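Trainee: Assemble the complex: chain W is given as a structure, and chain Y must be docked to it using the hints.
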Amino acid sequence: MLEVTDIHTGYGQVKVLFGVSLSVKAGEIHCLMGRNGAGKTTLLKAIMGQLPLNQGEVTLDGERLSGLPAHLVPKRGIGYIPQGRRLFPELTVSENIEMGLMARGEGANTRDWVLELFPRLKERLDQVATTLSGGEQQMLATARALCLRPKVLLLDEPTEGLQPSMIEQIRQVVVKMKAQGYAIILVEQRIDAVLSIADRITFIENGQDRETVAPANVAQDGTILTKYLGV
Amino acid sequence: MDFGPHLMLASIEGAVISAILVLTAMGLSIVFGVMRVVNVAHGEFFMLGAVFAWAVSTMIGGHAAFGFVAALLIVPVLVGCIASGVDQLILKRIDYDVDRTIVATIGILYIVQQSTLMLYGPEARPVEPPFNTRLALPWFEFGADGFQMIWPWGLSVTTYKLFVIFAAISVLGVLWFVLTRTKIGLIMRATQQDREMAQAFGVPVNRVYSWVFGLGAGLAALGAVLVVPIQQAHYLMGGDPLLLAFIVVIIGGLGSLPGTVIAAVLIGMSDGIISVFFSPTLAKIIATFLVAMVLVFRPQGLMGRVAA
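Chains as they are written, first to last, in our numbering: chain W, 1 to 231; chain Y, 1 to 308.
The set of hints was computed from the structure by calculation and includes no laboratory data.
Wrong hints could be hidden among the right ones.
To be verified - Cross-link-like lysine-lysine pairs, in silico, DSSO-like; alpha carbons within 30 Å at most:
hint : chain 1 : residue 1 : chain 2 : residue 2
1    : W       : K75       : Y       : K92
2    : Y       : K183      : W       : K122
3    : W       : K25       : W       : K176
4    : W       : K15       : Y       : K92
5    : W       : K75       : Y       : K183
6    : Y       : K183      : W       : K151
Claimed, not checked - Chain Y stretches covered by chain W per the calculated footprint, using a threshold of three residues with CB under 8 Å from any CB of chain W:
hint : region
7    : 180-189
8    : 192-204
Please read these numbers as outputs of a predicted model, since none were measured by experiment.
Where a beta carbon is used, it is the ideal one built from N, C-alpha and C, also for glycine.
Just chain W, with the same shape it has in the complex (with noise of 0.2 Å):
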């Protein structure tokens, strides 16, 4: 579904990524892992086509997503789930989903749908964003990308920060998207997280993608965390 071919890119004059491959299937959730700076936000916001590729492209679909400008690509379905959440801050809860809803016309229903996923935030829609807790901004930043009815979902550590009871609600609303479906594309530091939920783990280090494996394979040999994370 969505397939990402060797990009390089990075900021300016600092490259970050140097030749990146992945490629997600409906149904299936991709985990990145890798050490602080490997690459894993920048590589979701380069699909999100928010830097310049130097080289390579990311399709979706076999549509060509990478030189569109950036704002069209969340409308080709991409749902986006940033590190630290950025919600807009000073928007309320209802405003916040709105914005999710606008960007690929969804009415009523979908709004429906995802306030039903997430009770908590039904009851505060008039609260500003910055007012909730860590774990309701995470809720709200999860329900604002799932407004666009995604067919990809890019989380970047969506249970950095968060108490364990909150990390089990996020942990079952990944699963449930995948179960319908959904590509998804998951950032994580937590490997025993990790392990219980990807179908597949790619390893980053150094801007490049080093290796391919099914949780499986992590949990018999553990020579493999090791070596790209250090523990």
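Mentor: Below, chain Y alone, put in the same frame as chain W:
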């Protein structure tokens, strides 16, 4: 004239100045808020508004009201389009870089100003107000024979000045409605708060910037159309509004629209009252001094937030 009626007269002058100022400063504030662009050429868009208002009303002829209404409708849109063009042609190409936009807008300031001098000339030209009836105002007094209403000589206001105040309030109302209650406003606020995320949710940020820059310039031009029947159009008239708008935006808090309105009323009123009782220069000195004090003691402005 006694102090009371004199003060009332000065307050009305102040209210008119506030009305024009609030529109100009609002334009500057929106542009800064959404785009983080300090638009040094803002005063020149104000001046363009005044000059075009003269041009349109002279072209139309007939009763003054026709020309004025035409100017009111056409000029802000025209100036807005010019500004959007400038945005696409220059600001977009330097990537809205903070330092470079300042230098670029200084350049735009001179280009607009000197082009106007060449095409329009150095004269100050008046626009006839559409209506200008003088209304005498009453004053109340406890005299020898108790409470009475008097009509002091010279205490009056023109209908046009009342119209300016009313028009500015209506425009503010519309602006507030658009920003807080419509999709366009939602998109503008989202872009202001997180440009990258807005883009990740399908907002064409470059187009929004163009519209916002046009809107900011259009607001300045609208203020100018309202002011020409009182003040005359001249190619150097952009300086004072620019200075005052900056003062207002800094005192109110950069990017804070309620702060901008409060500061505009404060500065406009004090400017009007001090100009009447003392001198316009003193009014400017005090306003500038106020900015210095705000910058020292409350750098984020009256209503501004400290960056998180």
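Trainee: Under 8 Å between beta-carbons, do enough residues of the region 180-189 of chain Y, three at least, approach chain W for the coverage claim to hold?
Mentor: holds (count 4)
Trainee: Within a Cα-Cα threshold of 30 Å, do K183 (chain Y) and K122 (chain W) meet the stated pairing?
Mentor: Distance ~21 Å between K183 (chain Y) and K122 (chain W) Cα, so the pair holds.
Trainee: Can the restraint linking K75 (chain W) and K92 (chain Y) be considered satisfied, given a maximum Cα separation of 30 Å?
Mentor: Distance of about 23 Å is within 30 Å: holds.
Trainee: Using C-beta distances, would you say chain W covers the region 192-204 of chain Y, given that this needs three or more residues below 8 Å?
Mentor: holds (count 11)
Trainee: For a C-alpha distance cap of 30 Å, please report whether K75 (chain W) and K183 (chain Y) respect it.
Mentor: Judged against 30 Å, a Cα distance of about 17 Å means the pair holds.
Trainee: Straight-line Cα separation of K15 (chain W) and K92 (chain Y) no greater than 30 Å?
Mentor: holds (24 Å)
Trainee: If you draw a straight line from the CA of K183 (chain Y) to the CA of K151 (chain W), is it 30 Å or shorter?
Mentor: holds (25 Å)
Trainee: Can the restraint linking K25 (chain W) and K176 (chain W) be considered satisfied, given a maximum Cα separation of 30 Å?
Mentor: holds (16 Å)
Checked against the numbered hints given earlier, this structure breaks none of them.
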